[in-house]
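One-letter residues, chain by chain:
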Amino acid sequence: MEQEIILKKENQGFAIIKPLTNFFKVKFEKDNVLKFLKKTGITLISILLFLAFWHFGSKALYNKEATYKIEKALAEQGQAAAEAEKACIASRDSSCQPNTLPSPSQVWASFQSLIADHYLIKNKKQAFADKLATTNEKLVAQGKEAIVYTGRASFVDTVLTSIKTVFAGFLLAMIIAVPLGIFIGLSPSLRSAFNWFIQIFKPVSPVVWYLLVFMIVKTIYIGASSDNAFVISFISVGLCAMWATLVNTAMGVSSVDKDYINVAKVLKLGTFQKVFKVILPSSLPLIFTGLRITLSVAWMVLIAIELLAQSPGLGLFVWEEFQNGANDSNSKIIVAMFVIGIIGFLLDRLMLTVQQMVSFNKNEGI
Amino acid sequence: MAYLELKNVSKTYHQGKDNTEVLSNINLKIEEGEFVAIVGFTGSGKTTLVNLINGLIKPTSGEVLFKGEPVVGTSHERGVIFQNYSLLPWLTVFQNIAMAVKEAFPKENKAQIKNRVESYVEMVGLTHAIYKRPKELSGGMRQRVAVARALAMKPEMIIMDEPLGALDALTRGNLQDEILNIWNQDKRTALLITNDVDEGIYMADRIIPLKPGPKATLGPEFKINIARPRDKTALNDNADFKKTRNEIITYLMAIGDDRKSVSAQQYSLPDLTPKSFVSQF
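Chains A and B, in that order, give the protein sequences.
Note that the first sequence covers residues 1 to 366 in my numbering.
Note that the second sequence covers residues 1 to 281 in my numbering.
Honestly, the hints are just simulated from the structure, not real lab data.
Fair warning: there could be bad hints in the mix.
[Said to hold, decoys possible] For lysine to aspartate or glutamate, the following DMTMM-like pairs were computed, each having C-alpha atoms within a straight-line distance of at most 25 Å:
| no. | chain 1 | residue 1 | chain 2 | residue 2 |
| --- | --- | --- | --- | --- |
| 1 | B | Lys58 | B | Glu156 |
| 2 | A | Lys268 | B | Glu63 |
| 3 | A | Lys268 | B | Glu69 |
| 4 | A | Lys265 | B | Glu103 |
| 5 | A | Lys274 | B | Glu118 |
| 6 | A | Lys265 | B | Glu69 |
| 7 | B | Lys135 | A | Asp259 |
| 8 | A | Lys268 | B | Glu5 |
| 9 | A | Lys124 | A | Glu321 |
| 10 | A | Lys274 | B | Glu156 |
| 11 | B | Lys102 | A | Asp257 |
| 12 | A | Lys122 | A | Asp328 |
| 13 | B | Lys135 | A | Asp257 |
| 14 | A | Lys265 | B | Glu108 |
| 15 | A | Lys268 | B | Glu156 |
| 16 | A | Lys274 | B | Glu77 |
[Unchecked claim] Reference listing, derived: stretches of chain A covered by chain B, where coverage requires no fewer than 3 residues with Cβ under 8 Å from a Cβ of chain B:
| no. | stretch |
| --- | --- |
| 17 | 260–268 |
| 18 | 274–287 |
Virtual Cβ for every residue (Gly too), placed ideally from N, Cα, C.
Next up, chain B with everything else stripped away, as it sits in the complex:
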C-alpha cells in the first residue's frame, strides 16, 4: 500500500456557466520515506494539486488516500510549506512557530513549547532573529521561518509548494541544502512542487512532470539514480545528471510546444478599409 495515493483525481472549478477542469485523471503513488518532485509550467495546476493533497480542497472525482484513508480536511500529519511564505505579519518569528506548535502538541506546557520552537528556529539558523517580525526579515529568512513552522509540527509528510520560487539563486541553493539535511535526519516522506528541473533533480528520488492545464495530467516519471548526499558542483559533470536533465527538459519542451500549437487558435479578422475623415472637417 502506498503512503500517499491519488486515484483518478480530477478537479473542476465552476465559475458561472464556465467549467474549467484544472486537473484531469491524476494518478500518483508515493512510498514512505520517498522524496518526489513534481515539475510543471506556471499555471499548470500545481497549487491545486498541492491543496488537494493537503486537504484544503476536495477532488471533483477520484480519491486522495493518505496511509490508505481518504483525505478529509487538513491534518497535522501533512505539513505544508506555502509558495508565499504565509507568515502572520503581526506575530514574531517565535509566535508564528509557537502558534503551530501549540496546535500540534496541545498537551505540552509553556517551557516545552518554548524549547521546541527554539530548537527549530536554531535548525534554520534564525536564533538571532527569533523575536523579529516578518517585515524585518529578508525573503530567504521568511522562507526559513515557514520551513521551521511546517517542520515544528512534526508532520509525517512534508508538502512543499514551490517553496523557493521567489528567492534568488544563492539563497535558493542554501535552502535546498538545508531542506535536504532536515529531510535526511528522519527521512520523512516529501513532496516538492517546483518549476525548476535542476532543483528537482538535485533534491528528489523521482521527478514527475505535470502536463500543462487545463486538464493537466501527470507525465511519465523519471527516476534519479544519483547517490546521496549529492554534491551540487560535481553534479554538473555527472553523466547521469546530464542525461536525466536532458530527457526531462526535452519532454517538457515537447509538451510546451504541443500546448502552443493547441492554443494557436485561428481568428478571422473582419475585412476593413480605412475611412478618410478629411472631407468631414
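Only chain A is shown next, with the shape it has when bound in the complex:
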C-alpha cells in the first residue's frame, strides 16, 4: 500500500506528458494504444472545442462591431459613406477594421510575425555589433564604455527579461525569507516580534510594493546613469512574493515532529547539529511548498510591476501594445497572454517536481 503511494507520487510534476512517455516506453499493445488515444484524445478534443468557441465568439464580436460601424456611417454621413465603409471592412484594409477580440488565426499570425520580428532584430543587432566592433575595442581600450544597441526589444527578448526578473526576484525572496523564517520558527519571542509585521505586510498589493521600492531605489541610484528599472522590478517582485515562503518556513521549523526532537535530545545533538541535521531536513517539504507558491506569485505580480517600472519585459509589452492600438495589437496581447500562462505553468511544474524530490512521508520513519 505504502509502496503504491510512493510510486504514484513520483513524477507528478510532469504527469501531463505521462501518457506520452508511457506510449513510447511500453510495447504497442492494443490496451495501451487505446488508453493513450483515450487520454490524449480527450485533451485534444477539449482544445479543439476551446478554439471553436473562441473562433465563433470572436467572429460574432467582429460582426457586431462591423455592423455598428456601417450603421454609424449611414446615420451620420449617408448611404455612400456606409457603402464605402462596408467595402473597406470587406477588403480587410487595416484602417477600418473592427478593434475587438482577435480570432485564433489572427493570434497565430501575430505569433509568427513576432518570431520573424525577433530574427529581424537579432540580425540588426549583429550587424550593429559587427559595424562597431573596432570602435568599441578602441573605446574600451581608452577606458570608456562601449556603445551598445539600444533599439526596440524583440518579443523573445521581453520574455527572457521577464524570466530573468522573476528568477532574480525569486532568489531575493528565498535569501530573505528562508533564513528569516528559520529564526522566527526557532524562537517563539522572535515569532511574536515579527507576527504583526508579517500580518500587516503580507496582504499589501504589488503596486504599493513597487512604489515603496521605487522611493528607496530612486534615491540610492540618484545621479547614476544606469537604468534601475530591472533592479526596482525584481526587488518589488521578491518582496511581494516572499511571504508564502516566510510563513511556511516558520511554520515548518516550529512544528517539527516531537519524536524527532526527542531523538535529537537523546542523542544529545548540539544546537547547530539539531538545526541542520534534524529541524531543517524535516521542514524542507513545507519550505519547498512555500517556495512553489512564491514562484507562482512572483510570476503573477511580475506583469503588473514591469508595467509600472517600465522594465522591458512581458508586462511592459502588453501595456505598450494596448496603448499602441495598432491593427494587430490585440492579437499580440493574446499571444503574450498565452506565453505568460504557459511559462507560469512550466515554472509551477518545475517547482512541484523539486518539491516532490525533497518531500517524505511523515510515517516513513515511524
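Start from chain A and add chain B according to the hints.
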C-alpha cells in the same frame, strides 16, 4: 547502592486549570546487569516513566538517581529505544546510526565510525539494507535499526519503551531473541516497558506491574527464576512459567477490574418525554 533508583517520584501534567497526576509515588531500584520489565495497560503512564528515567522530562516531586547521581537531562549512558522507531526518514540506515555514533564518540575518525556503524548493522542483520532509507524497510527492519542506533552508542543502560509493540508475532519473537542475545554479550542493565506479560517473563529477571493511571504506581514485583538461555517453546510447559504468568495476569486483571469499577461513574439522566411534531406540520 542501586544502579538506577526512583525515590517517591510523581509526575503531574498541568493543562490550564486541570492537573493530571500521571505517576504517583513511584519507587524502583534496579541493580547493575539486571533485566527488569515493567508491564502495564496502555495509557497507564509507561511512556512518562520512560521519559523520566531517560531524562527527557523532570519529575514533579521525588528523585531519579542514576549511579547515585540525580538525572539531569539526557545522557549517552542511557540508550533509548522508542516505541515508534523514530528514525529520521531523510537519512539512510547508515546515516541514522552514524549520527548517534558521531555524538557518542566525537573523537573517532571517519573510518572508525564507519567500522562501528557497520558492525552494529551486521549485528542486527541489516547489512544488505545499510544504504536504504526507512521507507524502504519493513516495520521489523526499522525497529532493528532503532535497536542498532541505541546500542551503537555503547550505553551502560538500555531503556526500551514498548519496542516491539507494533510488530507482528513472528518478527516480535525473533527480535526478542536478538535483543536478549545482545544483552547477554555484555550484560548491560536493561529496562523493558511492555504490555505483553509473556514477553516480560521470557526476557526479564523481574517483572513489576504498573497500576493504571492517573496516579499510577508500581505494584509488587514478580521474580522470574527461569534459567537462561530460555527456550520459548519449552517455556510453555515450564511449571514456573505457568505459575508466574497466572499470578501476574490474575493481579493485572484484578487491578483492571478495580479501574473499571472506579470509572463507572453514575450519571443521572434528565427525565424527558418525546414530543410529537405531527401537529406542527
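(request) Could you work out which earlier hints the structure fails to respect and list their numbers in ascending sequence? (result) Violated hints: none; all satisfied.
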